[in-house]
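Enquirer: Each chain, letter by letter, is given below.
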Amino acid sequence: MEKKKIIEFKGIRKVFPGVVALKGFDLAIYEKEILGLVGENGAGKSTLMKIMTGNYQPDGGQFLLRGQPIVLGGSMEAIEHGIGMVFQEGSILPNLTVTENLFLCHEKEFSKGWFISESAMVAEARKALEENGLDINPTTLCGNLSPAQRQMVEITRLLWLSRLYRHENPILILDEPTTVLLEKEIKTLFEILNRIKEHATVILISHRLEEIIENSDRIVVLKDGDYVTEMPGKAADIFKIEQLMVGRDMVEGYYRRNEQVDPTDTVVLEVKDLAIESILEPISFTLHKGEILALVGLIGSGKEELVKCLGGSMQATQGSIYRNGKRISIKQPKHAIAHAIGYIPIDRRIEGLATDLDIADNINMLVYKKLKSRGFINKRKERDNANHWMGVVKVKATSHRMKCGNLSGGNQQKVVLGKWLSADAEILIVDHPTRGIDVGAKDEIYHHIRQLAKQGKSMIIMCDTLEEDIGLCNRMLILKDGKKVNEVSCPPDAKPAPTDIIESIV
Amino acid sequence: MQKDGIGKQPAIKRIKGRVAGLPAISYALGMLVLFIVIFAVGSATFLTRYNMLTIGNSAAILLAVAMGQVFAILTGGIDLSVGGIMSLVSVVLMKTLEPLGFWAYWLSLAVGIAAGFLNGLINSRFRIPSFITTLGSNGIFMSIAYMISIKPLSAPSSSFGVLDIVNGTTLGIRNIMLLGVLIFMLFFVIQRYTITGRNIMLLGSNEKMSWLSGVDIFKVRTIAFTLSGFGAALAGVMLASNLYSGYPTLGTVYILNSIASVVIGGTAMTGGAGGVLNTLVGVMVMSVINNGMNIIGIDVYAQQSFLGVLVIIAVAISFDRSKLSVIK
Amino acid sequence: GKEAAASPTTLSIAIRTLTNPYQANYKVGADMLGELEGLPVVTLTCEGSSEKQLNDVRALVAKTNGNVVFMIDPNESPNVIPLARELDAAGVYWVSWWNKPEDVKVWDYKNWVSHISFDGISAGEFTAETLFKSFGYEGKIIALQGLLSNSIAQDRFVGLQNILKKHPKVQMVAFEAADWDRTIAYEKTRNMLVAHPDIKGIWAANDNMALGALEALRAVGRAGQVLVTGVDGTTEIYEAIKKGEAAATVYNDSTYQAGIGLAIALAAKNGELDVAKMPKDQRQFFAEATNVDINNVDEIMKGASSYDFENLFASFSRPMN
Amino acid sequence: MKTKNSRSLENISTLRSKVSASAVGKLYHSIPISGQIISLGIVALIFSLGTNGQFLHISNIMTVLGLSAIPMILCLAVHQVIILGAMDLSLEGIVAITAVSAGLLLKNSVTANDVGLWIIPIVMLIGGLAGLVNGLLNTKLRMPSFISTLGMSWTLFGVAIMISKGSSIPLRDLRFQKVIISEFLGIPTVFILAILLGLVLYIMQNKTKLGKHMYAIGGNEILAKQAGVKVDRIKISIFGLTGMIYGLAGLLLVARLNSSAARYGNNLLFPAMTAVAVGGVSLSGGVGGALNAVIGTIIVVALNNGLVLMQINPYMQSAVNGIVLISAVALTIDRNKIGIIK
Ligand SMILES: Nc1ncnc2c1ncn2[C@@H]1O[C@H](COP(=O)(O)OP(=O)(O)OP(=O)(O)O)[C@@H](O)[C@H]1O
Ligand SMILES: Nc1ncnc2c1ncn2[C@@H]1O[C@H](COP(=O)(O)OP(=O)(O)OP(=O)(O)O)[C@@H](O)[C@H]1O
Ligand SMILES: [Mg+2]
Ligand SMILES: [Mg+2]
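Protein chains in written order, with our numbering: chain A, 4 to 509; chain B, 99 to 426; chain C, 5 to 325; chain D, 373 to 714.
I should point out that these hints are in silico values taken from the structure, not numbers from a laboratory.
Keep in mind that a hint or two might mislead.
Said to hold, decoys possible - Cross-link-like lysine-lysine pairs, in silico, DSBU-like; alpha carbons within 30 Å at most: (1) C:K306 x D:K479; (2) D:K579 x C:K247; (3) D:K602 x A:K406; (4) A:K406 x B:K426; (5) A:K26 x A:K226; (6) B:K249 x C:K169; (7) C:K144 x B:K249; (8) B:K426 x D:K537; (9) B:K193 x C:K247; (10) B:K317 x A:K372; (11) B:K249 x A:K329; (12) D:K512 x B:K426; (13) A:K406 x B:K317; (14) B:K193 x A:K337; (15) D:K512 x C:K247; (16) D:K579 x A:K406; (17) A:K373 x B:K426; (18) A:K130 x D:K512; (19) C:K247 x B:K249; (20) C:K284 x B:K249; (21) D:K550 x C:K144; (22) B:K193 x A:K334; (23) A:K111 x D:K479.
Just chain A, same shape as in the assembly (with noise of 0.2 Å):
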């Protein structure tokens, strides 16, 4: 079954100031196929994809499309060629409605003569997410909507513009589409997906490599700008490719179990009876020192608000908490801040990173006070303490004086986690540790938690995949419908077996 080529890459360059993202790549896409891009965070794969979109104009080679050399302008002309892209960083407008966010530039298919038809488009809005499974009200604000109901909103945007365009095969970038998805959508999504590969090329690029591997017909490893190898999808090794993205072999044994340890019965904290009105029932629990505590369960569990409490962006509405055993009260965050209690959120880039600002402001701005003498900030000291954790988590940058706006998507999330691991915090809540972060760094992230934990820090984690939680726990509090349901203890030589989980969570 030969496969007619699409696109074709020839010794595409990119060049960044300090920084060569693409270095003389070459690639063929072929029609009705879903292509798998991985590699390292930073290894280029966004900068590919914004050039096939003409959101970047490369520096040297040539991108043919349907076999003609072309040079793209921007979105509108890459949409118009068929090839459409769902942002890493996602493309929302926060003040716009959902209907208003999903016809954005294409208002003309809705007009009569000068104006538009809002109810034309609503009702086409509501047409095009229930086909996605969605339920969302076409006229909400999107500010309002959920990190994961914004991705779909986006998703389901691409498949209506490759309907409206007719092309005979449309491409579909999809630049990490499943780091904020539930399990449920992301479900859906890969069913769509394979539904509309009969007619169309899709580019998926994720650091979920099993997801990756289970819907990929073609996977391609990038690595430090340059196309290493490809292999054909479904029968690909997962080692095999970490291996390759990486350039070495990947320490064995999942989630350094090896260095789990035993914590202490100290107890560090204590949370007794806390409920939200509609949201999560009265629950206890303590957390010892140096545990590392999981916390599971389906969204709608009360897990998400239930952190949110304790890092205090969040009020509970009634129950208590202990530090060491003395009753605390968090309204906000400065004030869990103040008992050592640190809360990683999951929107990174939103809520965790100053993308204006460079990579050392926002390592260092929670530890400023250590970077003093003589009651001024050290200039030295500054840089010493970001380059040490911009070593920890593996940021690849030029300085610790680059932009945050400039690092790839993975980076700035290891920046937010290096400027959290590097605060004095004695218990760290970590929503998703690894989301979006390459199998290399994560191996380094899951290190360094164990450290932690050795050091006599406790941890709150909520993970990508039940696996990692497993993995990474000492125990896990199991929630469903606000209430705890169950408590399993997770020592390194008696892991609880998935499945068994998943029988209490859902």
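Fit chains B, C and D with the ligands to the supplied structure of chain A, relying on the hints for placement.
Expert: Below, chains B, C and D with the ligands alone, put in the same frame as chain A:
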């Protein structure tokens, strides 16, 4: 150089690309030098010591307000009450010079700081946009100045001695200029080397993140506006001493001029980028242009236009676009 | 300096702005004298900033190496102190118009030749008197003040109040500050007319505001029934006086002010006046202004055929203590 | 103290959520300017009490509406740029230049010109061109609009002074003034004109592509560009359109006072910006629209009118104005919608 999603490089950028690598502020400095050369060629008297002192004197006063203003702007806000604060401070100073002597300076500064603190409190505690807060409080401060004295106040000749502490010269340099240098150093250190200064930058670039990271955003905002009040108070004191007078409209022209100097220096109105050093350059550009136009004898009808065009040119060439992802 | 003496002395006026006709005419007078004497003229405007005025003056002193004389209309009255100290130090002769705090005396400074002012109180008195006469000294009026902090504005207002005391049947039911501005005067008047539809006259501290008030009256259909008065003597107010829409104004000839001010300063510079020996009456005094009403408006409108800048103290009206 | 405050904030938000659950609350939230209407109500109440009802007398209401027309037109102009997330300080300069042009081109006592009704397209053209330059400086030269428009304002104001030689130019053509001060069904014609303009802009903002894209840019310029919005073109058009409306306002000012001068541009910017903010248009862009501009202006003009009617001492007016301004905004601003308060 390339921004997200921004395809083509504007012409200016391409030219700049050739001299890339220089820190952005050097363009602004280059601009300043260019203006100085033009004016110096245009008139032999531009570079005389007397004229340099004149420029230094007016720059020092503008610098003090702008130093304060830049902190308000770095948080993403704006302080429209600097004019009112300057006026109020000038009236307080003139009114109390005779009974209090040198202590009148401290009282006046305290009044300005309190005014700034009030702005910060209203803005942060009641969550009212700083534009409205300071526009409103500017009126309040002016009215208070009117209540103190309807007539313009002039310094009693008995207190010329006290005024000359600020207004005099030391080793041939005007004290006001020395004061300007001190103020600059103070604000520079606050912005670069203190936690408060860093937190102001963080707040300006991502407020929600700052809050989640434990920054006391109420406090930081309040401090930023208090610093702005402090800068305005200093400027008010300097100006009043310089003019031997105080009246309720004395500071009005400094509202726009201080904001303009901050922006010309390259600080973004959206906050989080730029700062004290940039503002120094902005202030120098404004002062040099204003003085130079008179020195080279631009027709008075044309001066206003000339100023506008020069400012546009100066910013077009020297504005540091690399720190900002969008230019608003 | 010595070489500087070879080049011609610069004549300079430092005024507030060129955006109103009264101020703009200063420039006409200065240019006139410049042409007469064959000397260069520089106009400095401060646009409401005292500090700019002081610095502009300094800059010009620097530019001319002190070979300059000034006619200055200080932005605010107390500004004469730094100007006087600065120009004394630079040895530059100057004359001020209008604004000066009472307790500051010209004779305490050696280069401050004269301070001349029009009598704001008597201007306010004349316009008020004429306005009240127009409706028979019985009824309500409203008033528009200039910039509140300005001492001339305050003087004229004192004049109005003096005449109000004289005629107890005239009542000032409201007054507002309109910052010398026509647009603001229009709006304030419209608002005051709602509260006081039955007024008989509008007193304004200058022509610009009077004309704004007049348009406000026109908008409610009462122009000509209710008269306005101003001060300054602009062409527009003369026409209104002729049409019976305005009662009076006081003509302050800014062309003459600038010319004569510079002439006095120049005479001092050239040694024709010995400042130290000048009588106090010549150092600070009130100049004669022209009261204008329907009786003499035509004559005034013809304008001065020529100006006499030779007779330096011809306009003297009364001493200022 | 700190805890108490955060609790009171929390109370407000729970109160808000309780209110929004009720039927009244639904109505409150379905009207985009309900907060401002309440604010206007409060202002009206205070002033009616303070003036024995005179404030609400029909003649005063009409005066307020008539006086609000020109500021409203200016506010309708400038709020468009604010929605883009940019700033336009060129208002005073453009009004000055168009006012002086109108003065010199209509039948006047200085020149021999008389272009009659052609003046309308002429001032709009002048204003529009100036606005285009604003837009080009902002987009093509990537200059912050705050400073480029300020520079433009100074430049144009200077030109206006130069061509008018600083003096005022009395008009000899009374037609425009007649129209301006006339009434239609007892309502001032200028006000109707301003409302019509508001309506046109409202439709533009809500029913056309240009309008939708304007909001997209205000929300996030980079993302809008990514989605295919022609950011530069739209920004330039909006700046241009805004300039055209300034031109119109310049002409109306001239017509109202039956004379023209450069300084007619003075003191117009801050009231317009205040109206924008009071009306609920977010100064950081993307939120609010023509309705907000209209109600914001009426509040500001009513405030000034009330101060005069109540005979607040002129020396105290700026203080009272400031206090009322801050309180009005404190009571009505929708902090959830505006998002971060800067
Ligand atoms: N059907 C399932 N099969 C296998 N694992 C499951 C299933 N449902 C849930 N899980 C696991 O349970 C945990 C919670 O899943 P869920 O998708 O609700 O939350 P999450 O992805 O951690 O949170 P978020 O909403 O923040 O993305 C995850 O670790 C997930 O892998
Ligand atoms: N605007 C920019 N300015 C400077 N450097 C940039 C810019 N955008 C990307 N880079 C650099 O180019 C390299 C490739 O980035 P890219 O975003 O393509 O990585 P990625 O493979 O998508 O990584 P991730 O998995 O983390 O999303 C990185 O080193 C990044 O720092
Ligand atoms: Mg990426
Ligand atoms: Mg998930």
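Enquirer: Sort out whether K537 of chain D lies within 30 Å of K426 of chain B, counting only the CA atoms.
Expert: violated (35 Å)
Enquirer: Does the alpha-carbon distance linking K144 of chain C and K249 of chain B stay inside the 30 Å limit?
Expert: This hinted pair holds, its Cα atoms lying about 27 Å apart.
Enquirer: Given the hint that K317 of chain B pairs with K372 of chain A, test it: the Cα-Cα distance must not exceed 30 Å.
Expert: Satisfied, since the Cα-Cα distance of roughly 17 Å is no more than 30 Å.
Enquirer: Within a Cα-Cα threshold of 30 Å, do K130 of chain A and K512 of chain D meet the stated pairing?
Expert: With Cα atoms ~40 Å apart, K130 of chain A and K512 of chain D exceed 30 Å; violated.
Enquirer: Against the 30 Å threshold, does the CA-CA distance of K26 of chain A and K226 of chain A hold or violate the hint?
Expert: Holds, at about 10 Å.
Enquirer: What's the verdict on K373 of chain A and K426 of chain B, does the C-alpha distance respect the 30 Å limit or exceed it?
Expert: Violated, at about 36 Å.
Enquirer: Check the hint pairing K550 of chain D with K144 of chain C against an upper bound of 30 Å on the C-alpha distance.
Expert: Since the Cα atoms of K550 of chain D and K144 of chain C sit roughly 28 Å apart, the hinted pair holds (cutoff 30 Å).
Enquirer: Starting from K579 of chain D, check that the Cα of K247 of chain C is at most 30 Å away, please.
Expert: Outside the cut-off at roughly 52 Å; violated.
Enquirer: Could you grab the alpha-carbon distance between K406 of chain A and K317 of chain B and see if it respects the 30 Å cut-off?
Expert: Answer holds: K406 of chain A to K317 of chain B is near 27 Å, not above 30 Å.
Enquirer: Taken at face value, is the distance from the CA of K249 of chain B to the CA of K247 of chain C at most 30 Å?
Expert: Measuring from Cα to Cα gives roughly 37 Å; hence the hint is violated.
Enquirer: Is the hinted pair K602 of chain D and K406 of chain A satisfied, with a Cα-Cα distance of at most 30 Å?
Expert: holds (27 Å)
Enquirer: Within a Cα-Cα threshold of 30 Å, do K111 of chain A and K479 of chain D meet the stated pairing?
Expert: violated (46 Å)
This entry does not satisfy hints 2, 8, 9, 11, 14, 15, 16, 17, 18, 19, 22, 23, going by the numbered hints stated previously.
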